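Residue numbers (my numbering), protein chains in the order written: chain S, 135 to 242; chain U, 494 to 673.
Since the hints were made in silico from the structure, they are not lab data.
Every value quoted in this text rests on a predicted model; they were computed, and no experiment measured them.
For each residue, glycine too, the CB sits at the ideal point set by N, CA and C.
Keep in mind that the hints are not guaranteed to be accurate.
Said to hold, decoys possible - Taking beta-carbon pairs under 8 Å as the criterion, some of the chain U residues facing chain S (in silico):
| id | residue |
| --- | --- |
| 1 | M494 |
| 2 | M561 |
| 3 | P564 |
| 4 | L565 |
Said to hold, decoys possible - Estimated spans, in silico, between C-beta atoms of each pair:
| id | chain 1 | residue 1 | chain 2 | residue 2 | range |
| --- | --- | --- | --- | --- | --- |
| 5 | S | A240 | U | E621 | 40 to 48 Å |
| 6 | U | K495 | S | A152 | 26 to 34 Å |
| 7 | S | I183 | U | E642 | 43 to 51 Å |
So you can see what is in the structure, the chains are spelled out below.
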Amino acid sequence: MTVRELAGQLGLEPVCEAEPDREVTGGYVGDLLSWVMGRAQAGDAWITIMSNNNVIAVATLTDAALVILAENVSPDPGVAELAERKGINLYRSPEAAFPLCAKVAALL
Amino acid sequence: MKELSLNILDVAKNSVKAGATRIVIRIDEADGWRTLSIIDNGCGMPPEFVATVTDPFTTTRTTRPVGMGLPLLKLAAQQTGGDLFIESSVEPPTGTTVRATFRIDHLDCVPVGDYAGSVVTLIQGSPEIDFLFVYNREDGQSVTLDTAEVRSVLGPEVPLDLPDVLMWMQDALQFEAEQQ
Numbered sequence: 135m136t137v138r139e140l141a142g143q144l145g146l147e148p149v150c151e152a153e154p155d156r157e158v159t160g161g162y163v164g165d166l167l168s169w170v171m172g173r174a175q176a177g178d179a180w181i182t183i184m185s186n187n188n189v190i191a192v193a194t195l196t197d198a199a200l201v202i203l204a205e206n207v208s209p210d211p212g213v214a215e216l217a218e219r220k221g222i223n224l225y226r227s228p229e230a231a232f233p234l235c236a237k238v239a240a241l242l
Numbered sequence: 494m495k496e497l498s499l500n501i502l503d504v505a506k507n508s509v510k511a512g513a514t515r516i517v518i519r520i521d522e523a524d525g526w527r528t529l530s531i532i533d534n535g536c537g538m539p540p541e542f543v544a545t546v547t548d549p550f551t552t553t554r555t556t557r558p559v560g561m562g563l564p565l566l567k568l569a570a571q572q573t574g575g576d577l578f579i580e581s582s583v584e585p586p587t588g589t590t591v592r593a594t595f596r597i598d599h600l601d602c603v604p605v606g607d608y609a610g611s612v613v614t615l616i617q618g619s620p621e622i623d624f625l626f627v628y629n630r631e632d633g634q635s636v637t638l639d640t641a642e643v644r645s646v647l648g649p650e651v652p653l654d655l656p657d658v659l660m661w662m663q664d665a666l667q668f669e670a671e672q673q
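Take these sequences, add in the hints, and give me the full structure.
This is the structure we're talking about:
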């Protein structure tokens, strides 16, 4: 399933659609960035409530397919532009991480 | 990072890389605040590098585009209402001071963790460097380990990375009630 299809199915709000045709192959959820950095896999849909520049750095390092900001979290100022520059797919959703995980798991 | 001790390891390694011959690591707790200071006499960083060093896309490494040590320490500090401060000078080369402040009673304040393990790991990796470690705990207890002093007692022929010396230092770093 592509990022675009997943975003459509989940009704995600795009913050930065840098590469919507990327394939999503898995999922990860977590907010402790140093932990996520060593565990999220390339191609994952990463669900988090963190919203700063470091999220884009961790998404770059892990090569996550997309980042989903849960619970209507807004990206900090400048984060959307950084995602654009680094080619990171960034979305947000009003739903909490748990139902988002369940839906991503059901779709993959 | 789940423990401050992991940040200590990460940041002090920068000091080693900067060619420091003396590295001071302090944890000072007072008035509800925990302050971590890492002070080295290494080569320092130019002002334009200091300005970007907490940007996760800055690094001295060439293997990956981002360096996460200082950005994560800054995030950990700010999550508790504290902050990260860096002073550094190349000309004159007076070294670098990294200082991070944490509100101890904040829910997102990570525990100090195995600081003794981090300090011993640093000494083991660079036994020729002088390390001064000081931990002043909020309850008034404190521990100090000065490897320059250890070296002057043991004499120049005893390297600090001998297993027995490392074990002794690991023990010397414990607070009294916790010593085995």
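Pairwise beta carbon distance, I183/S to E642/U, judged against the given window 43 to 51 Å: Distance hint for I183/S, E642/U holds at roughly 47 Å.
Distance restraint hint 26 to 34 Å, applied to the beta-carbon atoms of K495/U and A152/S: Distance hint for K495/U, A152/S holds at roughly 31 Å.
So, L565/U near chain S? Judge it on the closest CB pair being under 8 Å. Where the cut-off is 8 Å and the nearest Cβ of chain S is about 5 Å from L565/U, the hint holds.
Restraint check, 8 Å cut-off on beta carbons, for P564/U near chain S: 5 Å, holds
So, M494/U near chain S? Judge it on the closest CB pair being under 8 Å. 5 Å, holds
With a cut-off of 8 Å on the beta carbons, see whether M561/U makes it to chain S. Constraint on M561/U satisfied, holds at 6 Å.
Range agreement (Cβ of E621/U with Cβ of A240/S, hint 40 to 48 Å): About 57 Å separates the Cβ atoms of A240/S and E621/U, which means 40 to 48 Å is violated.
Of the numbered hints listed earlier, the single one contradicted by the structure is hint 5.
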